[in-house]
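Colleague: The primary structure of each chain is shown beneath.
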Amino acid sequence: MTQTVTQTNPIETARAELDRYTREMIAWHFSADTGCPYWLDWAKNAGWNPLEEVKGFDDMLKFEAFDDAVLRDTDPARFIPNAYAGKPYNVFETGGTTGMPKQRIGWEDYKVDYSEFSDNYDEDFFQKGTNWLMVGPTGPRRLRLAIEHLANVRGGACYFIDLDPRWVKRLIRDGEFDMARKYKEHVVDQAITILKNRNIACMFTTPTILEAIAERISLPKAGIKGVFVGGTTMTPQYVRFLIEEVLENQVNFAPTYGNTLMGLAISRKLTPEDNYSLTYYAPQPRAVLRIVNPDNPDELMDYDEYGRVELTTMTKEFFMPRFLERDEAIRRKPCEEFPWDGVGDVRPFQSEKKNVIEGVY
Amino acid sequence: MEKGATHIPVLRFGEVYKSLDTTDLGKVLSSGNDLEVSVANAGLIRRDLLSIDKARNALFAVPTEKLLEYAEKASEIYLDGELPFGMDGEVQTVSDYVSTLSRLTGLPHSLCRGNMFKVAAALKNMRAVISGLTRGLPPSLFDSGCARLGDIDINYFSTANSLGVTLPSNSPGVNSLWLPALVMKTPVFLKPGREDPLTPYRIIQAMIAAGFPKEAFSFYPTTHEGGDAIVLGCGRGIVFGSDATVKKYAKYPNIQVHGSGRSKVLVGEDQVDQWEEFLDVLVESVSANGGRSCINASSVLLPSRFDEISNAMAKRLAAIEPRARDDDDALLCGFANPDFAKAINDAIDDELKTPGAVDLTAKYRNGPRLVEKFGQTFLCPTLIACSDPDHPLANTEYMFPFASVVQIPESEMLGRIGPTLVVSAITESESWKRDLMGSPHIDRLNLGIVPTNWVQWEQPHEGNLFEFLYHRRAIQSKSQITA
Numbered sequence: 001m002t003q004t005v006t007q008t009n010p011i012e013t014a015r016a017e018l019d020r021y022t023r024e025m026i027a028w029h030f031s032a033d034t035g036c037p038y039w040l041d042w043a044k045n046a047g048w049n050p051l052e053e054v055k056g057f058d059d060m061l062k063f064e065a066f067d068d069a070v071l072r073d074t075d076p077a078r079f080i081p082n083a084y085a086g087k088p089y090n091v092f093e094t095g096g097t098t099g100m101p102k103q104r105i106g107w108e109d110y111k112v113d114y115s116e117f118s119d120n121y122d123e124d125f126f127q128k129g130t131n132w133l134m135v136g137p138t139g140p141r142r143l144r145l146a147i148e149h150l151a152n153v154r155g156g157a158c159y160f161i162d163l164d165p166r167w168v169k170r171l172i173r174d175g176e177f178d179m180a181r182k183y184k185e186h187v188v189d190q191a192i193t194i195l196k197n198r199n200i201a202c203m204f205t206t207p208t209i210l211e212a213i214a215e216r217i218s219l220p221k222a223g224i225k226g227v228f229v230g231g232t233t234m235t236p237q238y239v240r241f242l243i244e245e246v247l248e249n250q251v252n253f254a255p256t257y258g259n260t261l262m263g264l265a266i267s268r269k270l271t272p273e274d275n276y277s278l279t280y281y282a283p284q285p286r287a288v289l290r291i292v293n294p295d296n297p298d299e300l301m302d303y304d305e306y307g308r309v310e311l312t313t314m315t316k317e318f319f320m321p322r323f324l325e326r327d328e329a330i331r332r333k334p335c336e337e338f339p340w341d342g343v344g345d346v347r348p349f350q351s352e353k354k355n356v357i358e359g360v361y
Numbered sequence: 001m002e003k004g005a006t007h008i009p010v011l012r013f014g015e016v017y018k019s020l021d022t023t024d025l026g027k028v029l030s031s032g033n034d035l036e037v038s039v040a041n042a043g044l045i046r047r048d049l050l051s052i053d054k055a056r057n058a059l060f061a062v063p064t065e066k067l068l069e070y071a072e073k074a075s076e077i078y079l080d081g082e083l084p085f086g087m088d089g090e091v092q093t094v095s096d097y098v099s100t101l102s103r104l105t106g107l108p109h110s111l112c113r114g115n116m117f118k119v120a121a122a123l124k125n126m127r128a129v130i131s132g133l134t135r136g137l138p139p140s141l142f143d144s145g146c147a148r149l150g151d152i153d154i155n156y157f158s159t160a161n162s163l164g165v166t167l168p169s170n171s172p173g174v175n176s177l178w179l180p181a182l183v184m185k186t187p188v189f190l191k192p193g194r195e196d197p198l199t200p201y202r203i204i205q206a207m208i209a210a211g212f213p214k215e216a217f218s219f220y221p222t223t224h225e226g227g228d229a230i231v232l233g234c235g236r237g238i239v240f241g242s243d244a245t246v247k248k249y250a251k252y253p254n255i256q257v258h259g260s261g262r263s264k265v266l267v268g269e270d271q272v273d274q275w276e277e278f279l280d281v282l283v284e285s286v287s288a289n290g291g292r293s294c295i296n297a298s299s300v301l302l303p304s305r306f307d308e309i310s311n312a313m314a315k316r317l318a319a320i321e322p323r324a325r326d327d328d329d330a331l332l333c334g335f336a337n338p339d340f341a342k343a344i345n346d347a348i349d350d351e352l353k354t355p356g357a358v359d360l361t362a363k364y365r366n367g368p369r370l371v372e373k374f375g376q377t378f379l380c381p382t383l384i385a386c387s388d389p390d391h392p393l394a395n396t397e398y399m400f401p402f403a404s405v406v407q408i409p410e411s412e413m414l415g416r417i418g419p420t421l422v423v424s425a426i427t428e429s430e431s432w433k434r435d436l437m438g439s440p441h442i443d444r445l446n447l448g449i450v451p452t453n454w455v456q457w458e459q460p461h462e463g464n465l466f467e468f469l470y471h472r473r474a475i476q477s478k479s480q481i482t483a
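Protein chains in written order, with this note's numbering: chain B, 1 to 361; chain D, 1 to 483.
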């Protein structure tokens, strides 16, 4: 199906593209020759037909919230689109501190996500042709391959220091704070060794590890030009602290919000008016973030209000409608760079009401 | 700054830093403004600790004799001065301090002032305090590291580049504990209690105004993670908290934990018949400072005359009633969090279901224990008479005038008290005094008719800060080292 987009308003244009893309993805995932066994079987019992009823993104509300237990309990092979049958694939994991982790399979998505991420930054932000150091979760996580791909598309190589977040969370849960600190020190020691002995200009790590490295060495003096971080809540004060003190106002800083199920939401460039409050924008149309009423996820929150983060991921490799994340955030308006809703000051869901283990690695 | 808000900033080596993370403590200021407090992130503290040498150097540049003079001068400034408060050149008068502190902590004005005098006295008596802590060594010890005692050269070295303290909110007087560190040339990193950022901030401002180098003071209203960054990152740490806090930090020898005091009055067989002479001391031990201190008695042990003494105590305690916060005769504190008061009240009633204990004050009190009056929630003084010395309420501490009274033979008392911060032992018996002085369970021992909250400046309170911050080294030379 083709449609000529005539709107000139960037927000309307983005919206029209999202509607078009949604129809394309529904057609892919619910057609017998391209869809996967899991969703094709689901459709048989759904009592409605997405192929007929989803005409735009608003119609995605007809899906109920996706239960992530499915990603723990179902053989990942049931998510292989028939169009990709027989093609070797990657299995990526998220969670898993206790019990089964969630699993997502993939082929090229991580490359697409991280190439798009790379396109967002100019040659000097993460200096092209320079090497990277990733200090973060590797193992079964998508991030390990993704960061290496990012380094490669920008003309560099990537060094890795592994960090096992499942073990860290368990240590914290069990009150083994000394051991957790020792483990962090062990990770930081390895990172500093690489930074001192190899030519590195760009880094990916978690904010906590970044801080810990900078307590031992000056990152600008170590030759670091750009840092890409993700993984935990960053309050405006924390962002200011990282920029002014940890990065000494001399290193480009790219905070992101993302996970194995979404890809990467990029933060818009900070302006003085933001007062260090971050706003992230999903890689739309491949993934869509909405800030919804926690008591009624069909309802969007008003702009500048906190609500629960809802994620819809739609690529040819993976379809996940309306997954309610364990995060809450402020619904922010579209901006020039990203003409769709953003999510601001992300924090764990209901973190004001309960203690949440995060930001530990 | 937002209109209508006064902001207490972080102090990083005395320099003002306004965090973007804040806590709003509400409209508690006399000006009608909201009181907003900066919240430091833990990384900020860890980063500052890397520069601790500048604080130490600033203190070492001032002779100890001068620092002692500054402490004495700070006492007056703290008591009477208009001191910097907020970000825009605002100042705080004494009456602003007292009224705001009262609104935040529930302490009546009379007790706020009482605590002020305690802190001021600790500054004023700094020479006696330091002398008591060092057992009379000359203050110049902190300049040269050496002193001569008789024919012996003595060398002490600092074991801590800084002292980190996470303070409570229940009783402002507790701030007197960290003051001597500055004279001992040890910079302080302070985390105030959530409801009392005022007291340490005012003391710091008074000490800076008196002449102390501002670099010696770092002040971080912060999270639990920030509190850990302070006490784990500083050379030595002091933490106040519950039994759970004691357990959490027990494995760190560089952290001194001040948990529940479980202070007690022990009455000897030789004195019990004169009980009317020391009834005031029993009542004061339980009720002074609104019962908020760890040095308040939470238990009175009697060898005999149980019914007479316990009823007399209960009658006196029950007569202490809630009053308005600005009433000069107010002795009880309101609870900053009414739910906390309700939870304590429920817990006591639950425990009373176990046979062997009775709330003796109930029959003398004019109403229930939990009272809403004068816009505050109070718990009225409560004395639990325990016929069973193993009753759960026999050795429990709460943050209001609450105590148990238990009958135990004198010979068994020391075997039953367990870890106790202060014991006031009312006895003249030399043999029992020897036993008391030999007890490993008692931190501070008051002998005679003195309340548990009595402070003698030459005696260390809750551990010797000098011994905590300094260590003696053997030093030898063929010639005399110290002049």
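None of these hints come from the bench; they were simulated from the model. Beta carbons are placed, not taken as given, at the ideal position from N, Cα and C, and that holds for glycine. Keep in mind that a hint or two might mislead.
Unchecked claim - Mimicking DSS-like on lysine-lysine, the simulated pairs with C-alpha atoms at most 25 angstroms apart in a straight line are:
hint, chain 1, residue 1, chain 2, residue 2
1, B, Lys269, D, Lys363
2, D, Lys363, B, Lys169
3, D, Lys363, D, Lys353
4, B, Lys169, D, Lys248
5, D, Lys251, B, Lys184
6, B, Lys182, D, Lys247
7, B, Lys87, B, Lys102
8, B, Lys87, B, Lys111
9, B, Lys169, D, Lys18
10, D, Lys247, B, Lys184
To be verified - Label pairs and their computed distance ranges (CB to CB):
hint, chain 1, residue 1, chain 2, residue 2, range
11, B, Asn199, D, His224, 58 to 66 angstroms
12, D, Asp339, B, Trp167, 36 to 44 angstroms
13, B, Lys111, D, His224, 22 to 30 angstroms
14, D, Glu372, B, Glu305, 28 to 36 angstroms
15, B, Glu215, D, Glu72, 48 to 56 angstroms
16, D, Glu308, B, Arg173, 31 to 39 angstroms
17, D, Val246, B, Asp124, 28 to 36 angstroms
18, B, Glu215, D, Asp326, 43 to 51 angstroms
What the hints assert, rightly or not - Over the 12 angstroms line for every Cβ pair with chain B, so calculated as not near, a few chain D residues:
hint, residue
19, Ser19
20, Leu20
21, Val39
22, Gly43
23, Leu49
24, Leu50
25, Asp96
26, Ala128
27, Asp153
28, Asp228
29, Lys251
30, Tyr252
31, Ala319
32, Asp339
33, Gln476
Colleague: None of the hints should be skipped; say for each whether it holds.
Modeller: Results of checking the hints against the structure:
1. B:Lys269 <-> D:Lys363: Distance of about 69 angstroms is beyond 25 angstroms: violated.
2. D:Lys363 <-> B:Lys169: Given pair lysine 363 of chain D, lysine 169 of chain B is violated - Cα atoms ~53 angstroms apart, limit 25 angstroms.
3. D:Lys363 <-> D:Lys353: 17 angstroms, holds
4. B:Lys169 <-> D:Lys248: 18 angstroms, holds
5. D:Lys251 <-> B:Lys184: 20 angstroms, holds
6. B:Lys182 <-> D:Lys247: With a Cα-Cα distance of about 20 angstroms, the restraint between lysine 182 of chain B and lysine 247 of chain D holds, given a limit of 25 angstroms.
7. B:Lys87 <-> B:Lys102: 21 angstroms, holds
8. B:Lys87 <-> B:Lys111: 16 angstroms, holds
9. B:Lys169 <-> D:Lys18: 32 angstroms, violated
10. D:Lys247 <-> B:Lys184: Holds, because 23 angstroms separates the two Cα atoms, which is no more than 25 angstroms.
11. B:Asn199 <-> D:His224: 58 to 66 angstroms: 40 angstroms, violated
12. D:Asp339 <-> B:Trp167: 36 to 44 angstroms: 37 angstroms, holds
13. B:Lys111 <-> D:His224: 22 to 30 angstroms: Violated, at about 41 angstroms.
14. D:Glu372 <-> B:Glu305: 28 to 36 angstroms: 35 angstroms, holds
15. B:Glu215 <-> D:Glu72: 48 to 56 angstroms: At roughly 39 angstroms between Cβ atoms, glutamate 72 of chain D and glutamate 215 of chain B fall outside 48 to 56 angstroms, so the hint is violated.
16. D:Glu308 <-> B:Arg173: 31 to 39 angstroms: 54 angstroms, violated
17. D:Val246 <-> B:Asp124: 28 to 36 angstroms: 54 angstroms, violated
18. B:Glu215 <-> D:Asp326: 43 to 51 angstroms: 48 angstroms, holds
19. Ser19: 5 angstroms, violated
20. Leu20: The claim is violated: leucine 20 of chain D sits with its nearest Cβ about 4 angstroms from chain B, within 12 angstroms.
21. Val39: Its Cβ does come within 12 angstroms of chain B, the nearest being 7 angstroms, so this is violated.
22. Gly43: Its Cβ does come within 12 angstroms of chain B, the nearest being 4 angstroms, so this is violated.
23. Leu49: 9 angstroms, violated
24. Leu50: Non-interface label on leucine 50 of chain D violated, nearest chain B Cβ at 6 angstroms vs cutoff 12 angstroms.
25. Asp96: The claim stands: aspartate 96 of chain D keeps its Cβ more than 12 angstroms from every Cβ of chain B (closest is about 27 angstroms).
26. Ala128: 39 angstroms, holds
27. Asp153: Given a closest Cβ separation of 39 angstroms, the condition holds.
28. Asp228: Given that some Cβ of chain B is not farther than 12 angstroms from that of aspartate 228 of chain D, nearest at about 8 angstroms, it is violated.
29. Lys251: It is violated; lysine 251 of chain D is separated from chain B by about 8 angstroms at its closest Cβ, not greater than 12 angstroms.
30. Tyr252: Tyrosine 252 of chain D is in fact no farther than 12 angstroms from some Cβ atom of chain B, at 9 angstroms.
31. Ala319: It holds; alanine 319 of chain D is separated from chain B by about 42 angstroms at its closest Cβ, greater than 12 angstroms.
32. Asp339: 15 angstroms, holds
33. Gln476: Consistent with the label, glutamine 476 of chain D stays out of reach of chain B, its closest Cβ about 38 angstroms off (over 12 angstroms).
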